[in-house]
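Chains A and B are the protein sequences, given in the same order.
Residue numbers for the first sequence follow this note's numbering, beginning at 8 and rising by one.
Residue numbers for the second sequence follow this note's numbering, beginning at 2 and rising by one.
Some hints could be false.
Straight-line C-alpha distance at most 25 Å; calculated DMTMM-like pairs for lysine to aspartate or glutamate [what the hints assert, rightly or not]:
1. A:674 - B:42
2. A:632 - B:42
3. B:39 - A:341
4. A:629 - B:45
FYI, nobody ran anything at the bench for these hints, they're computed from the structure.
Quick caveat, the model's predicted, so the values are computed rather than measured.
So you can see what is in the structure, the chains are spelled out below.
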Amino acid sequence: MSESNRFMDAYRQEAEELLSEIEQAILDIEDDPEDREAVNRLFRCMHTIKGSGSMFGFDAIAEFTHHVETVLDKVRAGLVPVSKRLIDLVLASRDQIMMMLNETEGHQKPDTGTRQKIIESLNAMLFESENDKTLSAEKDIGRPPSFDTTQGKDMTYRIRFRPNREIFSRGMDPALLLDELREMGDCSIMAHTDGIPSIEKLDPESCYLYWDIILVTAKGINAVRDIFIFVEDDCDIRIDIVEAAEQNVEEPVPRLGEILVERGDVIPETVTKALSEQKKIGELLVDSGSVSRGKVESALIEQQRLEKQRLSARVGTVRVPSDRLDKLVNLVGELVITQARLSQVSADMNHAELVNPVEEIERLTTELRDSVLNIRMMPIGTTFSKFRRLVRDLSAELGKDIALITEGAETELDKTVIERLDDPLVHMIRNCIDHGIEPPAERKKKNKPETGTIRLAAAHKGANVVITIEDDGIGLDPDAIRLKAIEKGLIPKEAELTEKEILSRIFAPGFSTSEKITNLSGRGVGMDVVKKTIESLRGTVDVSSVKGKGTCITLKLPLTLAIINGLLVTIGDSYYVLPLATVEECTELTKEDVEKAHGANIMNVRGEIVPYVRLRDHFEMKENKPDLEHIVIADVYDKRIGFVVDHVVGGHQTVIKSLGPAFKGVKDVSGATILGDGTVALILDVNALV
Amino acid sequence: MAKQKETIKSQKMVELATFYIGDALCGMDILKVQEINKLLDMTEVPQAPEYVKGILNLRGQIVTIIDLGRKLGLTSTRRTADTRNIIVNSNNEYIGLMVDRIGDVVRTELEKIESPPANIGGVQGRYFDGVVKAENSLIGILDAEEVLKEEEM
Chain A
8 MSESNRFMDA
18 YRQEAEELLS
28 EIEQAILDIE
38 DDPEDREAVN
48 RLFRCMHTIK
58 GSGSMFGFDA
68 IAEFTHHVET
78 VLDKVRAGLV
88 PVSKRLIDLV
98 LASRDQIMMM
108 LNETEGHQKP
118 DTGTRQKIIE
128 SLNAMLFESE
138 NDKTLSAEKD
148 IGRPPSFDTT
158 QGKDMTYRIR
168 FRPNREIFSR
178 GMDPALLLDE
188 LREMGDCSIM
198 AHTDGIPSIE
208 KLDPESCYLY
218 WDIILVTAKG
228 INAVRDIFIF
238 VEDDCDIRID
248 IVEAAEQNVE
258 EPVPRLGEIL
268 VERGDVIPET
278 VTKALSEQKK
288 IGELLVDSGS
298 VSRGKVESAL
308 IEQQRLEKQR
318 LSARVGTVRV
328 PSDRLDKLVN
338 LVGELVITQA
348 RLSQVSADMN
358 HAELVNPVEE
368 IERLTTELRD
378 SVLNIRMMPI
388 GTTFSKFRRL
398 VRDLSAELGK
408 DIALITEGAE
418 TELDKTVIER
428 LDDPLVHMIR
438 NCIDHGIEPP
448 AERKKKNKPE
458 TGTIRLAAAH
468 KGANVVITIE
478 DDGIGLDPDA
488 IRLKAIEKGL
498 IPKEAELTEK
508 EILSRIFAPG
518 FSTSEKITNL
528 SGRGVGMDVV
538 KKTIESLRGT
548 VDVSSVKGKG
558 TCITLKLPLT
568 LAIINGLLVT
578 IGDSYYVLPL
588 ATVEECTELT
598 KEDVEKAHGA
608 NIMNVRGEIV
618 PYVRLRDHFE
628 MKENKPDLEH
638 IVIADVYDKR
648 IGFVVDHVVG
658 GHQTVIKSLG
668 PAFKGVKDVS
678 GATILGDGTV
688 ALILDVNALV
Chain B
2 MAKQKETIKS
12 QKMVELATFY
22 IGDALCGMDI
32 LKVQEINKLL
42 DMTEVPQAPE
52 YVKGILNLRG
62 QIVTIIDLGR
72 KLGLTSTRRT
82 ADTRNIIVNS
92 NNEYIGLMVD
102 RIGDVVRTEL
112 EKIESPPANI
122 GGVQGRYFDG
132 VVKAENSLIG
142 ILDAEEVLKE
152 EEM
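So that you can see chain A by itself, here it is in the shape it has in the complex (with noise of 0.2 Å):
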């Protein structure tokens, strides 16, 4: 990849990061028109955008955002209203710059009409304000012009700017930003040269200047920070307000000494010292008596807390492509074998020197394996915004109105996990909004409140984690799903269910209840893919329902997915790995048991029956079958069933590996893993078994 295109690589996932920051941005405004923070917010990621846009040549998105950004600017000091329209056009504009960073993907052809017409919007928008304006400044005089108190008068501000020493390779030239301060007001700037090497040393790429400013101007502090708004994230930038011009004019000028302790030039204690050294004033004060010695250590110790704890407030982040981190996790994947193993070993070989450095591996290793595992984990609730969005939108659409309340953003899942629920989500959002809650009339003839409600929660559950999706709404007629169910021939029409069974149909392919097929839902494919996709991250669904009341779907998920509790078994020379998650009860299956069912495969556990499923048979493994064999028994789709194997070994720490795509057309075996001693076992999906 040329130098170029990473730079637009790096730029188009900045800019999709900073669109969804956006849209959560603008329903935050929505919810609380009074949110300046917001507000604030919204605008930097604007001016983000625009920013960096034309640096990389996204010189459309650029121009666009620029309209988008003037009247934002204008929001933000107060000018223009947050208004219903304000809101549908920033969220139609931020779409559109979506679509516009895809065509230059060429992905989509550009559409210059809608583009226009919300450039229109805006304008008229500003327009109105600046009429409006006119209209009410004689009203509203006791109105502030703007809360920036900085913004209207003549300020002094010092300005220390650090580059980074990469700064020119990452596309900016810190000369633009001296110079846009320059017209800015009165300015005055010195460069610090004193970071420059010696020539043989000088990297004639990097940037080893800073610079301090004194600029005096009345355009409020917001509009300095904004200069350094691309920079700020790796630069040092402070930002001082020395004095109001007008005011303070009587206090004594300050002394070079404090000067420089203000600048961040020179701690105090470099000047007490300085001084002390020169003058020895630091001793004379102690000698004098009005100071005591303690009392000046004391207040350098303070010194260096302060000093410390502002370093550690930094806490930067670090952008690191996933596949690095897979084979991270894989590593430690072969670690925690490995370990394993030497923990076998020295627990055979009982050597007392040897047990201690093994434990603290064991130690370590756990605590390495959790740290890793955590660094892939994401809360879940970057998914959850953006189902604001689509709540919002979809509900106007269909004159429905409808909160969505979210619970446990802050729940944390694998990455991976994360993004493949993505679509289930969005589709079982949709159902509910579509099929679940009515109208607001309706809502209203049943007693209910107008507003319905979509929760969506997450919550820990021991080693898994558990989404609920759960709506007001009419709920699932479970009479209408078996008469549906029987006519596409889903069950037989004798057949007896529980109302549970019943409403499990509701994934089965092709299902859907629904008269009308809109262009939300309704189409019957959807939930079988809902319950696929779930399946496939090794999680499962369920669906409880009261007719009239409402619906509530649980998924419940693997917090990882490299790394499961398997149960270890044998079939003839081969190991295999069942999820322990699904496993119920091991047991013996005596000769005994095998001919009381007269051939049916069919066992007495405990008064109940079991089918089971000989693996040995089903495998088509011939030699050696040992008298006594064992059965699994597991939960498969709420029900029993025994998978038969010669022996069980036990429990194991299963990091799985996927099998190449030769293995394609295997539905029995979901992966394979490494044992202790170097053998392959096979991971068999429980599910595909049935």
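Dock chain B against the given chain A, drawing on the hints supplied.
Using the frame of chain A, we list chain B on its own:
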């Protein structure tokens, strides 16, 4: 200028790792070969295609072993003391090609490679990049990507 180009071209040598599938002598650019081993203790995977012998653990990596003879429509590779796995990396995945016997490494010039005939020793020509004449035999240069292509569908 033209002359210079020619000398560069003629300098382009390729080293072929050769091996036998049945009686057919095949070769592969040695740079594509990760390693050659004789680990034959592999785990069979039920329901896998017939030409897939199983999987084995190569220093923590799961490697799919393919019976090259079977895959190319010849007789199955019989396990003998000479049987080897040629490990190649295809699309970030390790695949082991099980062959009957390993031959020498043959150095040849790129321009001596000719386009393959329709059939080499019973193997379809499409599996080969080309052929090259060795001292007393013909080496078919195997196109590993083509051989493994069907797996990636």
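Hints and how they fare:
1. Taking the CA atoms of residue 674 of chain A and residue 42 of chain B, the gap is near 23 Å; set against the 25 Å cutoff, the hint holds.
2. For the hint linking residue 632 of chain A to residue 42 of chain B, the alpha-carbon distance of about 21 Å falls within 25 Å, and the restraint holds.
3. About 23 Å separates the Cα atoms of residue 39 of chain B and residue 341 of chain A, which keeps this hinted pair within 25 Å; it holds.
4. As the CA atoms of residue 629 of chain A and residue 45 of chain B are separated by approximately 14 Å, the hinted pair is consistent with the 25 Å bound.
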